[in-house]
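Novice: Turn these sequences into a full structure, and let the hints steer you where they fit.
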Amino acid sequence: MNNQRSQAEIVRQSLKSRYRKERRFRAYGVLAIAIALGALLTLFTDIIGKGYTGFLKTTITMEVQLDGEMMYLDDPTDERQIKMADFVEPLVQALIKEIPGATEDDRDQVRGLINPYASVTLRDALTANPDWLGTSRTMTFLSHTNVDVYVKHAGDDAYSIKLNDQQKAWVDELQERGVIETSFNDVFFSGGDSRDPSRAGILGAIVGSLLTMFVTLILSFPIGVAAAIYLEEFAPQNKFTDFIEVNINNLAAVPSIIFGLLGLAVFINLFGMPRSVPVVGGLVLTLMTLPTIIISSRAAIKSVPPSIREAAEGIGASKMQVVLHHVLPLAMPGMLTGSIIGMAQALGETAPLLLIGMVAFIVDVPDGFLDSATVLPVQVFLWAGSPELAFIERASAAIMVLLTFLISMNALAIWMRKRLERRW
Amino acid sequence: MQPANLLLLTLALAIVAYWLGYARSRSLAMPLGGIRHLKSLPFYYGARAALWSGIPALLVLGLWAAFQGKVIQLIIIGGLPDNMIPATDGEASLLLSKISNVASGALPPGFVEAPIAEAAERLKALRTKSRFLMSALVVSVAVLAGFLGWLRIRPRLNARVQVESILKWVFFACAALAILTTVGIIFSVAFETIRFFGKVPFTEFFFGTHWSPQTALRADQVASQGAFGMIPLFTGTLLISAIAMIVAVPVGLLSAIYLSEYAGKKVRGVVKPLLEMLAGIPTVVYGFFAALTVAPFISDLAASIGIEASSQSALAAGAVMGIMIIPFVSSLSDDVINAVPQAMRDGSLALGATQSETMKKVIFPAALPGIMGGILLAVSRAIGETMIVVMAAGLAANLTANPLETVTTVTVQIVTLLTGDQEFDSAKTLAAFALGAMLFIATLLLNVIALKIVRKYREQYE
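Chains C and V supply the protein sequences, listed in that same order.
Throughout the first sequence, residue numbering follows the working numbering, covering 577 to 1000 in sequence.
Throughout the second sequence, residue numbering follows the working numbering, covering 17 to 478 in sequence.
Hints are computed from structural coordinates only; laboratory data are not their basis.
Every beta carbon over 10 angstroms from chain V, so not counted as near; a handful from chain C, in silico:
hint: 1; residue: Pro-676
hint: 2; residue: Gln-685
hint: 3; residue: Val-727
hint: 4; residue: Asp-741
hint: 5; residue: Glu-749
hint: 6; residue: Asp-772
Here's a subset of chain C near chain V, in silico, CB distances under 7 angstroms, partners left out:
hint: 7; residue: Arg-594
hint: 8; residue: Ala-612
hint: 9; residue: Gly-848
hint: 10; residue: Asn-986
Ideal Cβ placement from N, Cα and C applies to all residues, glycine included.
Specialist: Next comes the structure, spelled out in structure tokens:
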């Protein structure tokens, strides 16, 4: 009796510390989740904070006097004359006119505000409209990258502003008068890579990614589904089938860079295929995503109840008819979901593509499967390695575009799983 | 014709074959009194004709497209005058790229030696010829085989059985591609690795403590001999992976425990997808985050408390890699914890244990083997991870255990050695393949062991 009571006593006394331990354990769990979600939040705020300015461009709008004498041009339809003509001078003169204190002596400083490419814009505009010669037009040009950086990040210590005080004062003044403005950066979405951050765009990389993904999709989806059908429905239970299964499971865990080595050794060195083209990239990514697609397709086939198969067999369907007419359509939503997730993985993949040379500096938007191209994540990698912060800003912006693609693909997969998948 | 267009043409021909086969089976059946006198439905006769036409043509197309590049290269090299025939693979690839640049018009023919300009002309001619031959061959194979298939349509022919068995073989081939991929990986790394060990002794690679793969590019160049000891790379990889595990295992495990044992349905529904989002972020984004945010933050922090930290510290790369692996650990542990039978939980709670005591003393020990398997899989992930370390870890192969110093990893070296200008056959490029072989073997071993543990554990409770 006495003994029992003391035991109850012991338990009661220990309860306090046991409950404390319980609370502590729970707190650890909450802390762990907070760390993980905190990391996610930090990552997103960091990238958005670094990159939202990448979606803005800085432009100069001014009235340009298209004076033939100044430009050494009297016939804009003559190609030779166009080549020799001076398109910088009208821009510099126009900007000097916009800046109250500026004189002819400041021309070099004024010129430093205008994007080197602006003269090409002017030339193209004039060749398209030869009758503009001799008139004056209000036109909008990209500013120099230094102006762009100053306008966006004037107070930020991380950015080094490469304008002198005189230029800074001018830019402030021009901004106040609305000559220098920031607006949505359409250049970023309409061009390829460039050495000049203000003109660098991601269209080339997006098109490269789309071409590569297209190759990956048309190869990996049918092959993956066919392999899954074979393994689930037709494969005899033997050592060879086991071997295939073990192989697929292991391939799913092989580091992606190994697939890059495979692509380099087989597709490029053995078959002599060209480097840095979407076809080879697509082939490598196909081999990489196949295991994912096979595994998810098998799960989808497995989830179709045997009663469906038995019913079809009962009315005389052959095994192949059972599979193709009944099992496959029912498993399709699950297979598509798995494939979308596999494609999202492939879209974000970088390492194997570095090894097959999709890491080159490519200005043009690729126009075919055999044209040199780069992809979105590789473009991020290239810009992130640049010492110029203006490129880092573009890299963050490109990451946001990439993440938008990925999140919408994953959201589509989740939506499909919820809407289309049948529960038996 | 371009291979892509040819592919479309082949498919179009297969569709034509389908309709012809379909029509023929019907026209054969009509005099007999309708399609019920056919052994199979007309669809299968059409499908059979389409397969007869399409499969051989696609095989020819695939083989031709795969090997034409190499064959043309060999012919071009063989056609050069004797004194220009390159001695090594490296020279050959340089020469070939020069020739193809001339052929594509990127390099004016006047800029290069006459034989190269001639070779470029030959290359253009060969390419046209190859393309023409390929188109002719593929189209004639498609038409001929389709015609044969069409001709052999008889009412008594059981087209369905034939079509189904062909399809079955196609499915089998798709499944066997996994084996082909593995074989491809093994051969592509094995050959180069063997050649590498022909140049660099076995013992130096495995036991050398010095790694500097800069070999002389030209024979007359004064340069270091190059050292290929993989120990610093190996320790660097282990250091970064260990840091990643220190971050990922407790956070992943505890969040899995909290989510499966404590969290309500609502919290789970919100937190789980958010955690999985961490897994969906591309590694290049983590690399960007590590290199441009975490690494400067760590080196500033260290400087403010008076320690010196490298701007490419192992800690930054490892910590960010750990964040990447959190969802991996947590979803694997979640599966394992949920697989522990409810009876064990109930038994422990009925004896008066608190939830955390049940977790620590009953469920965790029971789930331990499965969790260990999951952790091993995560380790193999960490050592094979490339982009984070390429962007955030350095190139200097230091043999150190200090997480604030720069280390380099196996994957970083593979990427560095194989991007940019590379000459084949040099110890430098071959070293990348040797490192790839080591990486493949290491991850394979880890995966095999981990999968075995996980499977065994699952069987235990099924």
